[in-house]
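Please put together the full structure from these sequences, using the hints given.
For the record, the sequence lines run as chains A and B. Take the first sequence: its position 164, counting from 1, is numbered 164 in the UniProt record's numbering, and each next residue is one higher. Take the second sequence: its position 240, counting from 1, is numbered 240 in the UniProt record's numbering, and each next residue is one higher.
Errors might be hidden in some of the hints.
With a Cα cut of at most 20 Å, we get these calculated SDA-like pairs of lysine to any residue [what the hints assert, rightly or not]:
#, chain 1, residue 1, chain 2, residue 2
1, B, Lys188, A, Tyr234
2, B, Lys188, A, Pro111
3, A, Lys200, B, Pro206
4, A, Lys39, A, Gln21
5, A, Lys121, B, Asp315
6, B, Lys188, A, Gln226
7, B, Lys396, B, Lys188
8, B, Lys188, A, Glu231
None of these hints come from the bench; they were simulated from the model.
In case you want the letters, here they are:
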Amino acid sequence: MQQLSNRHLLGIKDLTENDIQLILETADNFKEVINRPIKKVPSLRDVTIANIFFENSTRTKLSFELAQKRLSADIINFAASSSSVSKGETLIDTVNNILAMKVDMIVMRHPYAGAGIFLSKHINAQIINAGDGAHEHPTQALLDAFSIRQKYGDVAGKKVVIVGDILHSRVALSNILCLQKLGAEVMVCGPTTLMPRYIKELGVKVEHNLRKALNWCDVANMLRIQLERFEIKYFPSIREYSMMYGLNKQILDSLDKEITIMHPGPINRGVEITSDVADSKQSIILEQVENGVAVRMAVMYLLASQYPLV
Amino acid sequence: MKFLIKSATIVDPNSSFNGQVKDILIDKGQIVQIDSEIEAKGAELYDATGQFVSPGWMDMHANFGDPGLETKEDINSGCAAAAAGGFTAVAVMPNTNPPLHSKSEIEYLKNRAKGQAVDVFPIGSLSVKREGVDIAELYDMTQSGAVAFSDGNKPVQNAGLMMRSLQYALAFNGLVISYAEDASIAEKAKVNEGVTSTYLGMKGIPNMAEELMVARDIFLAEYTGGKIHFTTVSTAGSVELIRAARKKGLQVTADVAAHHLLLDDSVLMGFDSNYKVKPPLRSQHDIKALKAGLKEGVIDAVVSQHTPHEIEFKDQEFETSAFGISSLETTYAVFNMACEKVLALEEMVDALAISPREILNLEIPVVDLNKKANITIFDPDHKWTLASENIRSKSKNTPFIGKELKGKAFAIFNNGQLKIN
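Right under this line is the structure:
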């Protein structure tokens, strides 16, 4: 059996195309498993995984937890807002305290870019990055690729546009890297103030007109506008954002072709996407959620079975 | 006490012995004889065969933590680090607690530094409490020994304060040092804006954040007729602005930190906080312009921007870790490696020893007869590896541990003391 090239999953950047294909193929098997009457397999029995979330998350955490349960892993959950940690204990101390209780693997979400990479230099356990600042969110990108592959049979040659706040988005960066490694063409679309100045250097197309972007693509991945993250205003109002970048049924129906709509959730209905689009036949948003469990099972299974645990 | 330095090559444009290999005899801190094959019974001997002797170097931008932050660096450890780096003088920024913002802190520092081989020159805070609001007692601090004024690592956002400081200092020929960054553009970004920041998922500090402020301060210098010095300029655009200002005849000078000449932002791809500095490491394009600026004399001096931090401040997530490198001991090697193909030895000595003192209006040491012995002994070709246990600074926040470096200062002599590494 093939092996992943790294014992952690810190970002898509470190993965080879073979790594990604291996994860997607393994996820195929687990997707079959979770649709059986008995959804649980003993693959990670006696493996203990800590889900450490320094930032709020509902669905990513739920998805990881469910994936762990389906694999028969033992789970502990640790939630701490970054502020409570900044009151004293360092990240390394927090994690080492958890590891001292004999934990094999860490799934971590953290508000700062590179936190997983930093941690990997200081601790022994395997680490899965469940989102670090605006850097990477590798399992989201993998499940998005899995969902596109499921819909079209292959990711290579597909045109994918990522719409929204590219500047603050870890989903965007991981998606760009993952889709490119699989041979897709990627465009980013959003307000000029929410576009990294050097994004073109990553080999993506940049478009500021939503209709043009949609006419170009096969798949549109609509990012959540995360107003709560902004300390300063990058656009005047949600209303104006919707006017320029909100996807509604009228625009969707006016396109020459039938494109596929994705969203990493949670959806702001009526902001980046209207209800009738989210619930339309073109939307694969709920498939993404289902696939997320299979993909996360694949990642944890591959890492735990291919590399020695601490 | 006599000291005899054997067979040193003298590099000093102001010396009649420039370029010659000579023995140098020092007695009571003065150079009393320069000749071939001097014999001196009882003198302490230093064999400098194959090594160079220049006027003692001066670092015009270092941060010590005295007073208040002595766990980072106190006067003794800071001077030891400076001596190990080949510096016989340092100007220290007012980034202390309390800041060096009145006569008492300036006098405290001057007193603490008495008896050191390394001369310590305080840079007074431009504003009261270094808050960037009200002008501090610049004249009183000058009388006590402050050599220039700056808010240290807090760029002055208030144009009016900067203008009035430049005007006010005119009366006593005071120098204002600008650390240029527009905070509303830089925001809370921690790295250079570029391809690297895009891959890191981090917001970037555009070059423009610095250049806007350089442009503003040049306008203010022109309007007031004051003297301004830009410290740690990092961008090609800043070099261009300063070049234009000097062409106009304005009293504008500048320095660059050695690390900005050697490293570009691509070293940040692994999120190593030891490379986290401010201004951030920039691009190869900027590096090229900075070197050209030095060669041309648009940038006058090279500085350490020595910023010591305890390990707890650096060994954390990149985002929250402190800015700065504990750099006094590697500044020369880093500068040498960056610029050995661009600058002649004499030009390097100028940037390290002569220009800083010219800018700060201090006496320039000369390696010549009947002059005070204030010298640095060094070898630009010597290769060495920085080991953590050999670092004299209290703080070891440097990316150069374990790396091979080229160029080393072996000893300094100043204030009657020989300090050998």
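How the hints compare with the structure:
{"no.": "1", "hint": "Lys188(B) / Tyr234(A)", "in the structure": "15 Å, holds"}
{"no.": "2", "hint": "Lys188(B) / Pro111(A)", "in the structure": "14 Å, holds"}
{"no.": "3", "hint": "Lys200(A) / Pro206(B)", "in the structure": "16 Å, holds"}
{"no.": "4", "hint": "Lys39(A) / Gln21(A)", "in the structure": "23 Å, violated"}
{"no.": "5", "hint": "Lys121(A) / Asp315(B)", "in the structure": "11 Å, holds"}
{"no.": "6", "hint": "Lys188(B) / Gln226(A)", "in the structure": "18 Å, holds"}
{"no.": "7", "hint": "Lys396(B) / Lys188(B)", "in the structure": "25 Å, violated"}
{"no.": "8", "hint": "Lys188(B) / Glu231(A)", "in the structure": "10 Å, holds"}
Taken one by one, the earlier hints fail for this structure at numbers 4, 7, listed in ascending order.
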